[in-house]
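Chains as they are written, first to last, in our numbering: chain A, 1 to 121; chain B, 1 to 208.
It is possible that some hints are incorrect.
Within a straight-line C-alpha distance of at most 25 Å, the following computed DMTMM-like cross-link-like pairs (lysine to aspartate or glutamate) qualify [unchecked claim]:
{"no.": "1", "chain 1": "A", "residue 1": "K86", "chain 2": "B", "residue 2": "E132"}
{"no.": "2", "chain 1": "A", "residue 1": "K86", "chain 2": "B", "residue 2": "E181"}
{"no.": "3", "chain 1": "B", "residue 1": "K28", "chain 2": "B", "residue 2": "E125"}
{"no.": "4", "chain 1": "B", "residue 1": "K28", "chain 2": "A", "residue 2": "D52"}
{"no.": "5", "chain 1": "B", "residue 1": "K28", "chain 2": "B", "residue 2": "E132"}
{"no.": "6", "chain 1": "B", "residue 1": "K179", "chain 2": "B", "residue 2": "D100"}
{"no.": "7", "chain 1": "B", "residue 1": "K179", "chain 2": "A", "residue 2": "D88"}
{"no.": "8", "chain 1": "B", "residue 1": "K172", "chain 2": "B", "residue 2": "D100"}
{"no.": "9", "chain 1": "A", "residue 1": "K86", "chain 2": "B", "residue 2": "D38"}
{"no.": "10", "chain 1": "B", "residue 1": "K179", "chain 2": "A", "residue 2": "D53"}
{"no.": "11", "chain 1": "A", "residue 1": "K86", "chain 2": "B", "residue 2": "E57"}
{"no.": "12", "chain 1": "A", "residue 1": "K33", "chain 2": "B", "residue 2": "D38"}
{"no.": "13", "chain 1": "B", "residue 1": "K28", "chain 2": "B", "residue 2": "D38"}
{"no.": "14", "chain 1": "B", "residue 1": "K179", "chain 2": "B", "residue 2": "D71"}
{"no.": "15", "chain 1": "B", "residue 1": "K172", "chain 2": "B", "residue 2": "E27"}
{"no.": "16", "chain 1": "A", "residue 1": "K33", "chain 2": "B", "residue 2": "E181"}
If you only want the chain A side, here are some residues facing chain B, beta carbon under 10 Å, derived [claimed, not checked]:
{"no.": "17", "residue": "H25"}
{"no.": "18", "residue": "I32"}
{"no.": "19", "residue": "A39"}
{"no.": "20", "residue": "I50"}
{"no.": "21", "residue": "D53"}
{"no.": "22", "residue": "W54"}
{"no.": "23", "residue": "E57"}
{"no.": "24", "residue": "L67"}
{"no.": "25", "residue": "M71"}
{"no.": "26", "residue": "M83"}
{"no.": "27", "residue": "L91"}
{"no.": "28", "residue": "I95"}
{"no.": "29", "residue": "F98"}
{"no.": "30", "residue": "L111"}
{"no.": "31", "residue": "M114"}
Treat the hints as calculated values from the structure; they're not laboratory data.
Each residue gets a CB set at the ideal place from its N, CA and C atoms; glycine is no exception.
The residues making up each chain are set out below.
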Amino acid sequence: MSSTDLQTHIGTPTEPHHQAHEHTHPSDWTYIKIAIFLAIVTAAEVATYIWDDWFEEAGTGVLIATLFPMMIVKFFVVCGWFMHLKYDNPLFRRIFVFGLVLAVLVYTAALTSMHVFADAV
Amino acid sequence: MTDVAVETSPTLEAEEHHGTSTGISNEKLAMWVFLGSDCLLFGALISTYLLVRHRSESGPEALRDPSHVFDIPFTSVSSFVLLMSSLTMALAVGAIHRGDVRRCQAFLATTALLGATFIGGQVYEFTAFYNEGLGFTTNLFGSAFYTLTGFHGVHVSVGIMFLMSLVVMSLKGNLGPDKAETVEIFGLYWHFVDIVWILIFTIVYLIP
Chain A
1 MSSTDLQTHI GTPTEPHHQA HEHTHPSDWT YIKIAIFLAI VTAAEVATYI WDDWFEEAGT
61 GVLIATLFPM MIVKFFVVCG WFMHLKYDNP LFRRIFVFGL VLAVLVYTAA LTSMHVFADA
121 V
Chain B
1 MTDVAVETSP TLEAEEHHGT STGISNEKLA MWVFLGSDCL LFGALISTYL LVRHRSESGP
61 EALRDPSHVF DIPFTSVSSF VLLMSSLTMA LAVGAIHRGD VRRCQAFLAT TALLGATFIG
121 GQVYEFTAFY NEGLGFTTNL FGSAFYTLTG FHGVHVSVGI MFLMSLVVMS LKGNLGPDKA
181 ETVEIFGLYW HFVDIVWILI FTIVYLIP
């Protein structure tokens with residue numbers, strides 16, 4: 001595979017590097033808005049501890065169903081905007097997602113085989 | 001001759017910027033490969049914690065249940081501090097890309113300070129647990145908890161050392177806009193430490 005083919009394969013932008021950065025970096029105000037959003041979601045997560053009586057009655061399954069989506073949203077917002085995965089070369093995203101998906105699949109399979117989730121809910 | 005130069009110009013342009021056949025930075029690529037592999041390390045530690053946290057059979061009864069041990073309000077503040085350090089890191093990366101070295105320096109120092117505050121909180125938390133009788137070898141919960149949060153703490157501490165190095169580099173005038181990618185690559189590491197804590201805070205602390 002020639003270097004030109006390789007570039008096409010990984011989706012390298014054709015514009016010069018510094019120009020690409022000027023277009024792809026969010027503004028400071030965008031970062032601040034994202035941080036405010038993350039702080040609000042974190043506050044919502046902590047609220048589940050404050051109302052723990054209600055969640056205790058509802059069951060651990062309800063608590064997990066409430067907390068996990070918030071955790072996943074925070075995770076991908078930080079990856080997408082702060083780590084620039086949303087804007088950067090797709091190869092970086094593929095490498096990171098490969099490691100992440102591999103970890104999730106391997107350890108979910110391992111924990112399921114040991115009945116961890118059945119015991120928890 | 002001119003035709004040849006025109007045909008190969010996209011490749012040459014990319015190689016000129018990073019000196020690689022792919023046109024992307026090898027250093028940045030290496031950091032992403034490292035972060036991808038680190039997902040497996042923390043995945044193993046979190047899984048081990050989930051597996052053993054309710055299976056402690058030794059040590060005092062009160063120290064076998066995580067929900068009796070944790071101080072959630074205190075950890076929530078620590079989590080908020082680490083989350084805000086991600087903001088200051090992102091602002092530092094933005095500042096160096098604009099060529100604003102002084103602002104980048106200030107944000108890097110603030111990030112290091114927030115990271116140190118988080119580590120201070122973790123040391124306080126560990127000390128409080130130890131004084132209550134929860135040591136590393138007290139029970140399975142203690143071993144898994146200290147290993148997981150300790151590994152994360154080591155990552156944060158290494159990050160603080162790198163941040164201080166960058167601040168010293170900038171004070172010596174060695175961190176200009178030409179080193180923007182160095183700051184950006186370190187920023188990736190710091191944000192990764194933050195996303196790992198997002199997982200730990202929910203899975204370890206908030207879910208009983």
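A quick look at each hint next to the structure:
At most 25 Å may separate the alpha-carbon atoms for a hinted pair to count; A/K86 and B/E132 exceed this at roughly 45 Å. With a C-alpha separation of about 17 Å, the suggested pair A/K86 and B/E181 falls inside the 25 Å cut-off, and the hint holds. A threshold of 25 Å between alpha carbons decides the hint, and for B/K28 with B/E125 the separation of about 35 Å lies outside it, so the pair is violated. Distance restraint check for B/K28 and A/D52: the Cα-Cα separation of roughly 43 Å exceeds the 25 Å cut-off, and the hinted pair is therefore not satisfied.
With a C-alpha separation of about 44 Å, the suggested pairing of B/K28 with B/E132 is violated against the 25 Å cut-off. Distance hint between B/K179 and B/D100 is fulfilled; the C-alpha atoms sit about 12 Å from each other, no more than 25 Å. Of the pairs offered as hints, the one joining B/K179 and A/D88 holds, with about 18 Å between alpha carbons and a cut-off of 25 Å not exceeded. In summary, the hint linking B/K172 to B/D100 is supported, as the alpha carbons are separated by about 15 Å, within the 25 Å threshold.
Restraint check: the Cα-Cα separation between A/K86 and B/D38 comes to about 20 Å, which is no more than 25 Å; the hinted pair holds. The hinted pair formed by B/K179 and A/D53 fails the criterion: a straight-line CA distance of about 52 Å is larger than 25 Å. This hinted pair does not check out: A/K86 and B/E57 have alpha carbons roughly 46 Å apart, beyond 25 Å. Straight-line distance between C-alpha atoms of A/K33 and B/D38 comes to about 28 Å, which puts the hinted pair past the 25 Å bound.
Proposed proximity of B/K28 and B/D38 is supported: the alpha carbons are some 15 Å apart, at most 25 Å. Restraint check: the Cα-Cα separation between B/K179 and B/D71 comes to about 41 Å, which exceeds 25 Å; the hinted pair is violated. Under the criterion of a C-alpha separation no larger than 25 Å, the hint pairing B/K172 with B/E27 is consistent with the structure, at around 23 Å. Proposed proximity of A/K33 and B/E181 is supported: the alpha carbons are some 24 Å apart, at most 25 Å.
Because the smallest distance between the Cβ of A/H25 and any Cβ of chain B comes to about 6 Å, under 10 Å, the interface hint for this residue holds. Interface hint at A/I32: satisfied, since its Cβ lies 7 Å from the closest Cβ of chain B, which is below the 10 Å cut-off. Taken as an interface hint, A/A39 checks out: its beta carbon lies about 7 Å from the nearest beta carbon of chain B, inside 10 Å. Against a cut-off of 10 Å between C-beta atoms, the interface hint on A/I50 holds, since the closest Cβ of chain B lies about 9 Å away.
Taking 10 Å as the C-beta contact cut-off toward chain B, the hint placing A/D53 at the interface is violated, the least distance being around 13 Å. A hinted interface residue such as A/W54 counts as satisfied when its beta carbon comes closer than 10 Å to some beta carbon of chain B; here the least separation is about 14 Å, so the hint is violated. Interface restraint check: A/E57 against chain B, minimum CB-CB distance 13 Å, threshold 10 Å, status violated. Hint status for A/L67: holds, given a least beta-carbon distance of 5 Å to chain B, under 10 Å.
Residue-level restraint check for A/M71 holds (minimum Cβ-Cβ distance to chain B is 4 Å; threshold 10 Å). Proximity of A/M83 to chain B holds as hinted, the smallest CB-CB distance being about 5 Å (cut-off 10 Å). For A/L91, the interface hint holds, the least distance from its beta-carbon to any beta-carbon of chain B being 7 Å, beneath 10 Å. For A/I95, the interface hint holds, the least distance from its beta-carbon to any beta-carbon of chain B being 5 Å, beneath 10 Å.
The interface hint given for A/F98 holds, since its Cβ lies 6 Å from the closest Cβ of chain B, which is under the 10 Å cut-off. Satisfaction of the interface hint for A/L111 is found here, the shortest Cβ-Cβ separation to chain B being roughly 6 Å, below the 10 Å cut-off. For A/M114, the interface hint holds, the least distance from its beta-carbon to any beta-carbon of chain B being 6 Å, beneath 10 Å.
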